[in-house]
Every structure is written in C-alpha cells, then in structure tokens.
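Number of protein chains: 2
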Amino acid sequence: MTSSSSSSPSLSRSETLSLLALAAACVAILANAFQGDDKPLIVSLALSGLAFCASFALIRWLGPTFIKAGFKGVDLSKHHRREIPECMGAVCAAVYLFAIIVFIPFVFYKDVVAATSGGGNRDVVLQVEHVQQGRFLHRFPHSKLSSYLSAIVSLQTIASLGLADDLFDIRWRHKFFIPAFAAIPLLVVYRVDFGVTSIVVPLQLQPYLGQLVDLGALYYVYMAGVAIFSPNSINILAGINGIEVAQSVVIALLLALNDGLYLLTPYPHPATDSHLFSLSFLLPFLGVSLALLWHNWYPARVFVGDTYCYFAGMVFVVVSILGHFSKTLVLLLVPQIFNFVYSTPQLFGLVPCPRHRLPRFNARTGLLEPSVTPWTPDRQPRPPIAWALKLLGRLRLLRVTLDGEGRFVETSNFTILNLWLVWRGPLREDRLALEITAMQTVVGLFGLFVRHRLALLVFKEDNWSVPS
Amino acid sequence: MTSSSSSSPSLSRSETLSLLALAAACVAILANAFQGDDKPLIVSLALSGLAFCASFALIRWLGPTFIKAGFKGVDLSKHHRREIPECMGAVCAAVYLFAIIVFIPFVFYKDVVAATSGGGNRDVVLQVEHVQQGRFLHRFPHSKLSSYLSAIVSLQTIASLGLADDLFDIRWRHKFFIPAFAAIPLLVVYRVDFGVTSIVVPLQLQPYLGQLVDLGALYYVYMAGVAIFSPNSINILAGINGIEVAQSVVIALLLALNDGLYLLTPYPHPATDSHLFSLSFLLPFLGVSLALLWHNWYPARVFVGDTYCYFAGMVFVVVSILGHFSKTLVLLLVPQIFNFVYSTPQLFGLVPCPRHRLPRFNARTGLLEPSVTPWTPDRQPRPPIAWALKLLGRLRLLRVTLDGEGRFVETSNFTILNLWLVWRGPLREDRLALEITAMQTVVGLFGLFVRHRLALLVFKEDNWSVPS
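Protein chains in written order, with this note's numbering: chain F, 1 to 468; chain A, 1 to 468.
Fair warning: there could be bad hints in the mix.
If chains are identical, the list can't say which one is meant, so a pair holds when it fits in one copy or spans any two.
[Claimed, not checked] Here are the simulated DSSO-like pairs of lysine-lysine, each with C-alpha atoms no more than 30 Å apart in a straight line: (1) K72 - K175; (2) K68 - K175; (3) K390 - K327; (4) K68 - K78; (5) K327 - K175; (6) K144 - K68.
Hints in this document: simulated from the structure, not taken from any laboratory.
The structure presented is a predicted model; accordingly, all values stated were derived computationally and were not measured.
If we strip away everything but chain F, and leave its shape as in the complex, we get:
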C-alpha cells in the first residue's frame, strides 16, 4: 500500500517549478509575437512548449482516473507486476487537438484582419470602395484554412478510432482500413489545392517513360495506402517500454529536419509554405510526445495505448500529404516497413501467431530474450515453410531450434524486436529500446541523405540545386 514516488499522481515540487517556468516563458513568447512581426515558427515553438507542460501534468494527474475507468495494464517485462494506467496517448491527442484548435484564430489572425478590415495589413493601400464595403473576402486564404481543418478532422477521426480500439479491442480486419476514411478530407483538399499526380521518372528510365508519369487516380490509392500503413506500422512496432513514442519522436524530428532543409535553402524555395505548415503540426506533436516519453520510458509509469500509435502515424500522414512529401515519409518508415514485411509470415498465418509476440522477460537475468513460437513433433511446418524457415535461420534472420532428428522445436517470433535480440543477445528493456531508436535514427538520416543527395544521381533537380 506504499506509493512510490514514481507512481504518485502529483507533480514533485521541482517538476511543478520547471513546468511553470517553461509555461511562463512560452506565454511570454506568445504575447510578444503579437506585438511584433509575423514569426510563425516562434509562435509554434511556444505553443509546443505549452503543450508539453499540459501533457506532462495531465498524464501525471489523470493516472488514477484512467485506472478507475478501466484503462490499466500490467507490465509483463518486470519483476513486480503492478497495474499502471493504459491509453495515456489519448491525453496527448486531446491536448494536441485542443492546442491546434485554439490556435486557429492565432494562425489566421492577420488574414482575418486583412480580409475583414484591412486594418492590420500595413502593406496594402486600401481603396475607398473596399473600405466602404468593409471586406474583401478573396484575400482570405481559404485554401490554407481548408488544409488546416482537414488535417484536424483526420487527426480527430484517427484519435477516435484509437480510443475505440483501446475500449473495445476492435478486430484487426475491421480497423485496418479505417485510416483510409480518416484521410478522405486530406485527399479532397490535396485534389483541390495541389492535384499533382505525376511522379518524376529516374533519368535512366526517361528514354522509355518520358520525364513524368501521371499516375492519376492511382496516386490517390497510393496516398490512401500510406494513410493506412503509417498508423498501423507504428502500432505493430510496439511491446517494450518507450518504443512507440521513441520511434515517433525520431520520425517527427527527421520530418522537422527535412522541413528545415527547405526553409534554409539559399533562395526562397517554392515549397516554403508547405514546410512551415508541416512544422506547425510537428512541433506540438513533439511537445506532447516528449511529455509522454518521460512517463513511458523504462521503467514505464504509464502505457501509451493504441490511440497514441494511430495518432502519431496519422500526424506523419497529414503533414506529408498536405506538405506534398509523402514519398519522403516512406523513406523514414523503412524500419517499420521492414518490420511489417518481416511479420507477414505470422500475420498471414503461414507460421502460427501467438496473441503476444513481445520479447520474453527472463525473470532470472532481468533481460529480454526473443520470444518463440513452439513446434511440437506432431505439428511441424509444411515442407516449403520448413525449408524457408531453415534458410532464414542460416541467414541469421531467425533463431531456429531443431531437435536431434531435425524437427523444429521452436522459432523466434517475426518482429524486428525479436530479430534484434537474436542478433545482439539478451538485452535489458531500455537498452533494446535505445538501440532500436538509434537504428531508426541512422536509417532515417540515411533516408534523408538519399532523398537530398543521392537523388541527384537519378533525378535532375532537388531543392538544393536549381535546374541547369
């Protein structure tokens, strides 16, 4: 009945003071931003700081409420199995959406003023008849507002789906396609605002295909595919403390870095607006995610729930579709794509799939080991599967244990976490999360390098080089 400091639902004095100081600084920055010129990035950063403070405090305070409402889980990879709050990603999603919605009047403040009275826009010399009419509506960037609102609709839809999944355990086949519906507003806005469905053909293929290939409707199918894949892929790279949030933070940071590359080009890049838009959605996401990571990192004091995974995946979809860089997102999801492809033998039932495939906790050593699918002498894989499993074992892509007569005893489960443990041996939970996160970072940085440097080998131009 003793409550350790780590599970107390109140903030310590130093935490309270730090959060208050950070919040005060952010409020000061916000107040200042209104005095001076347009500094959307600074405003967005301050907002993200506030979102961090709010999430941090709410995650702590709402723990008992969530447990009382039935959102609780037991950490299987610990000696002391106690119940901790589950589904705390819902708090992050709520804070994030609240921040983004409350922010609408600020984002569009100058536009509203310009569109409705002209008073705030000193660059525009007003003609008398305009002043008389009082308004010149065509100046308001309605398409920007549509983009912003469509992003919010998509994110709210996916947050509701995640919450429904946490509440009701929706069946896999029912929930798999719902992110595509959540993406409908995005795709409509993309169609109307941008509508580019052509992809640039690599130089080497241009003699055969021409410079551009128009995918037409297929391009929308591709974007819906990204919208389905991204949330689901974050959701299946899960199972150890901190991994869901850490991978999301890395991807968000890399997307933000990619945005930064466009903002720092030597000449004003035509895509500057798209990337500012993207940053204004990514920075608050980083704010709420870091607050969650603080509580979810080993040893976890809260679980994130499916809500967070879906939500994080959809944030990436939203910024990459509306920012017109969905192919860059695919590059950053390479570990997730690998995890999904690697999982297919179990997802598609070629190999039996237990309910949980998270790494096995060895209570004696306190380390994680690969979890396994057991095979009995009566129930052996069919010959082609057996051959493939042995091949994977020889390629060190699977741990295969055979008995003296060459029959399968057990094979490690098909997830990247188990594979990493096959390669690196038993690891403590936080060590495994750290290594996977480092791998995600390295792969992502390489992806961005490919995108911006090596791409010049196969494409004629990029944001850093003007066409010759």
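Model the placement of chain A on the given structure of chain F, informed by the hints.
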C-alpha cells in the same frame, strides 16, 4: 438468464429485411443522383436513410460489446432492474461523422471537377489558356469546404468531450466551457465568411437606437454562449426513457421546417445556400437519432449517454451559426431555457441538490411521481428562501409539503419533468415523455410562428416579405 427478444443483440428477420430494403433504395437513389443533375436534398435524404440503417443495426449489435467495456446502466424507473448498454449515442455520433466525412467527395464532386479540369461542368466555356493551365482554382468554393470542415471539427470535438464525460465523469465546472472551445472553428469561419455582428433593432426602438446595432465582439461572446448552452441544456433535460432523443428530434425537425420555409419562398431567397447546408447536416442527424429513439423509447433497451446530448446540442449550434440563424435556435430552445432557469435554485446551491433529480418511480402504481428534496426540522431553508419557496408553491410552480407547525417537510425538485408531474399528477414514463415532447413541439411551432409572422410587427422585413 433468459434473454428476452427485446434485449437480443441480433436483428429479427423482419427488421433485417426492412433495413436491407431501405438501404437498397437509398443506394439506388445515390447511384441515380450521380447520373442526373444536382439534387443535393435527394442525395442528403438517401444518405440519411443509410445512416438510419447503419445506426439501427450497430446499436443492436454493439450492445454486448458496450456492456463488456463497462458502458452499462440500470434503469431506476422499472420493476425489473436489469443492466442495459449505456452511451449508445456514441454509436450515432460515429455513424453520423463517418457519413458526413465519406460524403465530402460527393458534396464537392462537381466543384472539384470544375476547379481541376472543367470537364464536368458543361455550363462553362473554357478558354484555351485555362485548359492549358489545367486548373482554375479560384472557382473552387473553398469557403464552403471550410464551413463543412469546421462543422465536422466542432462535432468531433464535442463527441470526444461527451465520450470522455461518459468514461470519466468529468466534473461539472471542468466540462461546462469546453463546448465554447469546440465552437472556435465555427466562429473563425463565421468571422471570415459572414462577419455580420449587427442585429436589427425593433421598429419601436429605432428612433432611439437606429436601424442596426453593431454588437461587434459581443456577438461572438453571444454565439459562444449559445454553443455552451445548447449542448448543456439538452443534457440537463434528461432522466426518463426517450426524452433526450425525442426533444432533439423535435428541435431538428423544427429547424428543418425552418430551412424548408426559406427553400419554398416565392422568389429565390439569398439565404438558400445556408439553409441547404443546414439541411445537409440535419437530415443525417435525424436518421441516426430516429434509430436511437427506436431503442431508447420506453421501455428503453439502451441508454443514450451524455455523448448523445452534447452531440445533438452541438449539431444545432453548428447549423444555426453557419446557417446564420442562431437566434431562431434560441426560440426553439425555450423549454430548455425554462428548465435551466427553473433549475438554478438547485444548480447554484440555494436549495440542496441531490445526485439524481429524475422523477421517482412508484413501484406500487408503476407511475412516476415528482422526486423531492427532504427538509428536516433542524435543517430548514433560510427565511428569504423559505418565503420564495412558499410563493412558488402558491403559484403552482413547486409542490411544497409543510408540517403542522409550518416547517418544510419536502419540496419537489426543480426540473421541468418534476414540475410537469406536479401539474399533471402521476404519469407512466412513456406518457410523461410523450407530453413533454408534445409541449416542446407546440412551443417550437409557436416560436417559428413568432419568428416568421409576429416578427413583422417589430421588424420591417422577413424572408416572406420583400421590403416595401
């Protein structure tokens, strides 16, 4: 352990056939609508039929799932107290939002075609340079899309709030103002698109105030007030089977009738678009609500939950703000306003407020009687309160029971449902719901009559009369 037919989670054969027939008819209408001309109302009606079918089936099927997830309640006003699913309004909200989101491409189909290729719009003669550019973006009604999306954002926000309330029982003071935040996207769009903050002054006051009074920012405070009041007021006129849904259906029907008055004017009314927009949100709401009413009417097989009440209230706010008739909504909420004002003595603590104020079920007669606040000889109301209570009692606005020495024994609780029982005597639950619904209808019709007929006594013009 016997499961009566009314609580079976599957549809009967005749229900299945009826729903399938209705759904097939709606799909046929939708398919036809794409062949022919623009018939937004027909399309919306067909969509609403589909929403009805989906809600009806899902409410039935998901009952056990909701009970398993902890969404269950006991009906206090029945002889047999068994647990039935709670919070089924969440299903309606989800179906509604799903329908509205999936519908976006259809609503804007012709606009997208016109804006992106011109191919679908036979009225427009394309100039060569436009065809070359491929797109003429300014043609797309971005402001319409913004309105549509802002409505969805507001509704999703309120649905999430309702669900959070059903899950966590949020404290009154925490949740009271949240609808105002949910309305932010609406108010921004209102500001940008319409921005009228003047109200017409009654003829009799015009010599003193002029023809129009510009309320400026106060008008936004007023609209935020409506956004707070409407969801909360539906939520406090609750407690007996069917009453939450029945009042919402009546208000939605009256709003739709009001829209119809604008569509049937002898000349094309300038507000036609606003009212078509309003209908396209009201009709699907009627679809999902009628499916819920079927299950929630006496004897209720499901409860609706706070989610439904908040959601219904916000649908009215959305259509009335974006349709620019928020004052008409206030007229239709007169019974809710009365209930709120009448409740204030208990809401503000002048009279003790028990946890539940729903009418008391008399198990002997099977009828509902007014529930009461008991007073002990030690704990009597203070003199001014006692005087006011006695006055209310004399005006037949309260049932007051005194003992032989003039001390208070009990007073009926301050809700319109209890007051109605004071007036009309003990009633069966469905009879009470029916009478309150009839009263809501009559008051609402009178409100519309005032709005469209008597208004001419104090205002110079209306939708039925051109200014002379």
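Structure-based check of each hint:
1. K72 - K175: Answer is both; intra-copy 22 Å and inter-copy 24 Å each pass.
2. K68 - K175: Close inside one copy (26 Å) and across copies (19 Å); limit 30 Å.
3. K390 - K327: Classified as neither: same-chain Cα gap 35 Å, cross-chain 74 Å, threshold 30 Å.
4. K68 - K78: For K68 and K78, the Cα distance is within 30 Å both inside one copy (22 Å) and across copies (28 Å).
5. K327 - K175: within (24 Å within a copy, 41 Å between copies)
6. K144 - K68: neither (42 Å within a copy, 43 Å between copies)
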